[in-house]
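Colleague: Chains A and B are the protein sequences, given in the same order.
For the first sequence, numbering that gives the first Met the number 0 gives the first residue as 0, with consecutive numbering after it.
For the second sequence, numbering that gives the first Met the number 0 gives the first residue as 0, with consecutive numbering after it.
Each hint should be verified, as a subset may be incorrect.
[Claimed, not checked] Listed below are several chain B residues computed to face chain A (Cβ distance under 10 Å; list not exhaustive): (1) Gln84; (2) Gln138; (3) Val224.
FYI, nobody ran anything at the bench for these hints, they're computed from the structure.
Glycine included, every Cβ here is placed at the ideal spot set by N, Cα and C.
Spelled out, the chains give:
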Amino acid sequence: MMGAEFVQFSLTPILIGIFAAMACALPGNFLILRRQAMIGDAISHVVLPGIVMGFLVSGTVAAGPMGLGAAGAAIIAVVLIEAIRRFGRVEPGAAMGVVFTSMFAAGVLLLEQSGSSGVHLDVEHALMGNLEQLIWLRASGWASVLDPAAWASLPPELPTMALTFALIGALTLAFWRWLKIATFDEGFARSLGIPAGALGFGLVISAALAAVAAFQAVGSILVIAMFICPPAAARLMTNSLSAQIWWSLAFAALSAILGYVLAGYGPLWLGARDAVSAAGMIAVVSGVILGLAVLFGPHRTGARAV
Amino acid sequence: MTALPAHSPLAVRGLSVTYGDKPAVEDVDATFPAAALSAIIGPNGAGKSTFLKACLGVVPRLSGEVAIFGQTFEDARARVAYVPQRASVDWDFPATVLDVVQMGQYRRAGLWGRLSGAARVQALACLDRVGMTDFAKRQIGQLSGGQQQRVFLARALAQEADLYLLDEPFAGVDAATERAIVEVLRSLRAAGKSVIAVHHDLATVAEYFDHVFLINVTRRAEGPVATAFTAETLHATYGGRLAPMGTGLRSQEAAE
């Protein structure tokens, strides 16, 4: 399992899964602490119509136009949510619910229209991604990892996802103190001159960036799960913000590895014939980790004094 | 409109704020005295907190001018400490008491600077002033309401400001905390600092404060407690039905 075949067929999907999971979990920490977990949910839904539009306009499944479409859809969604909240005078959760379900539904309709073109872009792909297909066919074993010539045939999702994670990680580090103060006490942050509004917007944009980059590889189910499950489980492990971030990254990576292996081999061990969706299994594993943290996490019952 | 006085720690002219299309604060003038304890008083929904937040730029103002020691707030930011309402934050946030107090040292540290050992000593000294040294390592979610309020006050002390703006510092706190907070505020006044607090307990206004500002969307009265905190001004602020309990004052209606 750990030989040439592993490098060819499992190494890149697992790495892409790890980077995708960590890139989503990182902004997810702050969204959850700000009681904005729904935003992650909303973003991962609204990128679908954007990606389909990008595909319909460009006619290819290239990452560039589809990413642009997704980013456009995310921005439209944020504006729509804000407009409905302000002018409709409804609570933010309801405004988000209306926008992201409508846009997701529109995306599914668009997707059906695009089906006739014969290019592989379908609902299943949108939900589950195509992690298992992101293989490194030209790799001939572990030696290829050190061979620049072989790197050229790496699936492009790998550098995309790694760079996305690195960018979000660098932004989190750079604005750490602002994020910490503004997430805890926005009014106080504003009185210090911290641009809390722009910071909150930047956080949502980072989450959208992670969702767009991860969407094609791992699908919307995994994106939603990674925004919420690893950070929520991490919060139950510690009472320190920085430790929470590290725990969430560890849980995200663990979910990706365990989920991928279980999806590929779990059904065989149970006597079933076919592997199940890796993205689906990674999301399930992250849910199980959250469940275990709820049951056994050391800080699950910190006195909630009012 | 008169010029904004430079001697006042907080002077406001023509301040208006709206929420939606409803005015929350309308055309308010105010001049608070230096080295004094001032109370902002008014009924629920009268715009007390909004007034404070608008002065600090925490909520946008529709119109009006605000001067802090004669400067704009942006220029005088370093001289101002703000204590929001305790209930406005989520105390389940993963942080210790010391973490929160050190947020008050942000201006010294900036976005990237390291907080030195000396800063830590100063933060612990601030905790000592509010009687919370033993709780420095405690998770903030484990504190009582009164202890949370003291932590917020310690964070303001760590800012080493000249003007302290507090939003309902006595709301829902125990008697010991209330005494501790009053002690700290008086020591600030003794050191020449100015304190302005949104206050809702009319019974303690005369005991705790030197100066009052009464507001109900518009300004209703302003001045030293002895002259501005009277049955007439309370009547003008709260309306006819209120005969303020325990203030030692009787509204005119009740007297008739």
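Colleague: All hints are to be evaluated individually against the structure, with a verdict given for each.
Modeller: To see whether the hints hold, each was checked on the structure:
no.: 1; hint: Gln84; result: 8 Å, holds
no.: 2; hint: Gln138; result: 4 Å, holds
no.: 3; hint: Val224; result: 27 Å, violated
The structure is inconsistent with hint 3 alone, although it conforms to all the rest.
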